[in-house]
Amino acid sequence: MAKVVSQKTLRKSFNNWFFWNGCSQQAETMQGIAFAQSMAPAIEELYNNKEDRAAALKRHTTLFNTEPQLGSVCNGIAIGMEEQLANGVGTPEAIQETKVALIGPTSAIGDSLWVATIIPLLLTICLSLSSSMKTAPWVGPVLYLIIYPLGTYLLSWKIFHLGYKAGLEGIQSFMASGQLNHIMQAITILGLLVVGALTASYVTFAFNIDVKVATNVFNSATQTYASQVVSVFNLDNVLNSIFPKIAPLALTVLVYFLYTKKNWKPLMIMLLIFVLAAVLTAIGFIPVIGAFAA
Amino acid sequence: MTITQVILIALFIYLGAIGSIVGNTIGWYALGRPLVASFVVGIIMGDVRTAMIVGIPLQIAYLANVTPGGAVAWDLSYATYIGTAMALAMKGTVSNDAALVGLAFTGAGIGGVVGGTMWNVHYALDVFLNRWAERVAARGDTKRMWMPNVIGGQLIGFACRFIPAVVVLLAIRAAGKTTGINVPAWFLTGISSFGSMMAALGMGIILSFLIKERYDWAVFLVGFMLIIYFKLSMMAVAVIGVVVAILYYAIIQNTKEEAF
Numbered sequence: 001m002a003k004v005v006s007q008k009t010l011r012k013s014f015n016n017w018f019f020w021n022g023c024s025q026q027a028e029t030m031q032g033i034a035f036a037q038s039m040a041p042a043i044e045e046l047y048n049n050k051e052d053r054a055a056a057l058k059r060h061t062t063l064f065n066t067e068p069q070l071g072s073v074c075n076g077i078a079i080g081m082e083e084q085l086a087n088g089v090g091t092p093e094a095i096q097e098t099k100v101a102l103i104g105p106t107s108a109i110g111d112s113l114w115v116a117t118i119i120p121l122l123l124t125i126c127l128s129l130s131s132s133m134k135t136a137p138w139v140g141p142v143l144y145l146i147i148y149p150l151g152t153y154l155l156s157w158k159i160f161h162l163g164y165k166a167g168l169e170g171i172q173s174f175m176a177s178g179q180l181n182h183i184m185q186a187i188t189i190l191g192l193l194v195v196g197a198l199t200a201s202y203v204t205f206a207f208n209i210d211v212k213v214a215t216n217v218f219n220s221a222t223q224t225y226a227s228q229v230v231s232v233f234n235l236d237n238v239l240n241s242i243f244p245k246i247a248p249l250a251l252t253v254l255v256y257f258l259y260t261k262k263n264w265k266p267l268m269i270m271l272l273i274f275v276l277a278a279v280l281t282a283i284g285f286i287p288v289i290g291a292f293a294a
Numbered sequence: 295m296t297i298t299q300v301i302l303i304a305l306f307i308y309l310g311a312i313g314s315i316v317g318n319t320i321g322w323y324a325l326g327r328p329l330v331a332s333f334v335v336g337i338i339m340g341d342v343r344t345a346m347i348v349g350i351p352l353q354i355a356y357l358a359n360v361t362p363g364g365a366v367a368w369d370l371s372y373a374t375y376i377g378t379a380m381a382l383a384m385k386g387t388v389s390n391d392a393a394l395v396g397l398a399f400t401g402a403g404i405g406g407v408v409g410g411t412m413w414n415v416h417y418a419l420d421v422f423l424n425r426w427a428e429r430v431a432a433r434g435d436t437k438r439m440w441m442p443n444v445i446g447g448q449l450i451g452f453a454c455r456f457i458p459a460v461v462v463l464l465a466i467r468a469a470g471k472t473t474g475i476n477v478p479a480w481f482l483t484g485i486s487s488f489g490s491m492m493a494a495l496g497m498g499i500i501l502s503f504l505i506k507e508r509y510d511w512a513v514f515l516v517g518f519m520l521i522i523y524f525k526l527s528m529m530a531v532a533v534i535g536v537v538v539a540i541l542y543y544a545i546i547q548n549t550k551e552e553a554f
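Those protein sequences? They're chains A and B, same order as listed. Counting with the numbering used here, you get residues 1 to 294 for the letters of the first sequence. Counting with the numbering used here, you get residues 295 to 554 for the letters of the second sequence.
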């Protein structure tokens, strides 16, 4: 009789992964220990003797790493392959090779689609809700706290199940059909629009240069001259009259350039921003030419 | 801040860290996000309104905190819980919202560095769990395979997160008690302008994931102009974005079918 992994075991295996994938991350096997924990219920059901179980656990404690939320597809595929192996189809080596081959593409899709697009997008929507509701700012975080984990759990389980059912070939043909690409392209457009709007709404960058001179201003009401300080050159106002918020836009593009083209680490960019903020604030306090100076 | 509040906040710092017992989806990606973290601190300290005043700018600055391949230089959970707690504990020393945000960013800076260091300690100590896992695997003990991961990982994780968090929070508590601390205006101005410039870091990194073709910049600029010229709200842009994305998807799906 063919051995089959039961629904209950699948769910248990998935939960093991979903909740504890990050417990023991380290440089040697990355998420390998957690992956083995996820596979343990299925291995127990598929193999009856100790030697087979030990061999199976061993091949799943090796190096593994992915974006865990969408990467649950790997666990599904691995269980499907173990099931076949228990029925005499396939080789242990093939399972190992498949897992290693899945690391790259699943991390890339998970990081760019889920972590870098969906999370910021959902946060942005909840954030806008909070900042527009002055009396009930808790609405945003509460909504996020419900929608994000619940939605991710359901999707991650579906993908896990898909991996188990369709196997590697099924996933490959789905990816080859281009449908995933189309979904990603559509979400990218949404992401770009939102990030553009966010940049305009929230990034600030001012040079704080505001040259002032003391001069005699004619007061038409009293028909007299009075000494007054007037701004003759405000760099930020000049720039904004050319194109509103051009300086924040330029800063954002600079960060993009440093990060993608010059391979700067985020921490380095953060330091640069810190230095810029310090220098520009200091300029703002310089008498006569600073924006904060009297 | 009372001792109970210190312990509760430290507990949530641990829960919101990578690899906590509730899992990364509920922990790192939900409890650890500044929007949620500031709300939680607000509840614990009984001032949700003030907590959200600092939480929103923190969330914007750290919107793109992506951690590819487990490389954490900056622990977001640590940063925002400690930043918000610091702003709330010391709110008596400052006069306006901008200065409050400045305090939160100062706290976030301290918290982020401590948290990032502790993550690296955690990451290094976890290597020893491999030996434990290998022994369990060699015995074929499927029933105990969870132990190195969950028990081992959690003991190390809890020690690395909770204890340093309590120490930092106690220091903030002591600072909050001393009256007459005068945080200079230039410092708060500088740190809050750093905070709002930091939003550019988030946007720049998200863009690096989104931009694939040159013309993608045009779509980005449309979003930018919807705000500066049309004065739409963020919510409105999000709704327009969803509609456009659906239409775009429908169109490319159809053109593909016709091509065959």
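Simulated from the structure, these hints should not be mistaken for laboratory data. Don't be surprised by glycine CBs; every beta carbon is placed ideally from N, CA and C. A couple of the hints might just be wrong.
To be verified - In silico DSS-like cross-links for lysine-lysine, where the CA-CA straight-line distance does not exceed 27 Å:
no. : chain 1 : residue 1 : chain 2 : residue 2
1   : A       : Lys265    : B       : Lys506
2   : A       : Lys134    : B       : Lys385
3   : A       : Lys3      : A       : Lys58
4   : A       : Lys134    : B       : Lys525
5   : A       : Lys245    : B       : Lys506
6   : A       : Lys8      : A       : Lys58
7   : A       : Lys3      : A       : Lys134
8   : A       : Lys12     : A       : Lys58
9   : A       : Lys8      : A       : Lys50
10  : A       : Lys158    : A       : Lys134
11  : B       : Lys525    : A       : Lys245
12  : B       : Lys385    : A       : Lys3
13  : A       : Lys58     : B       : Lys385
14  : B       : Lys437    : A       : Lys12
15  : B       : Lys525    : A       : Lys165
Stated by the list, open to error - Over the 12 Å line for every Cβ pair with chain B, so calculated as not near, a few chain A residues:
no. : residue
16  : Lys3
17  : Arg11
18  : Thr61
19  : Val89
20  : Glu97
21  : Ala101
22  : Leu162
23  : Val194
24  : Ala214
25  : Val229
26  : Phe257
27  : Leu258
**Study point:** Hints violated by the structure (listed by number, smallest first)
**Key:** Violated: hints 7, 10, 12, 13, 15, 18, 23, 26, 27.
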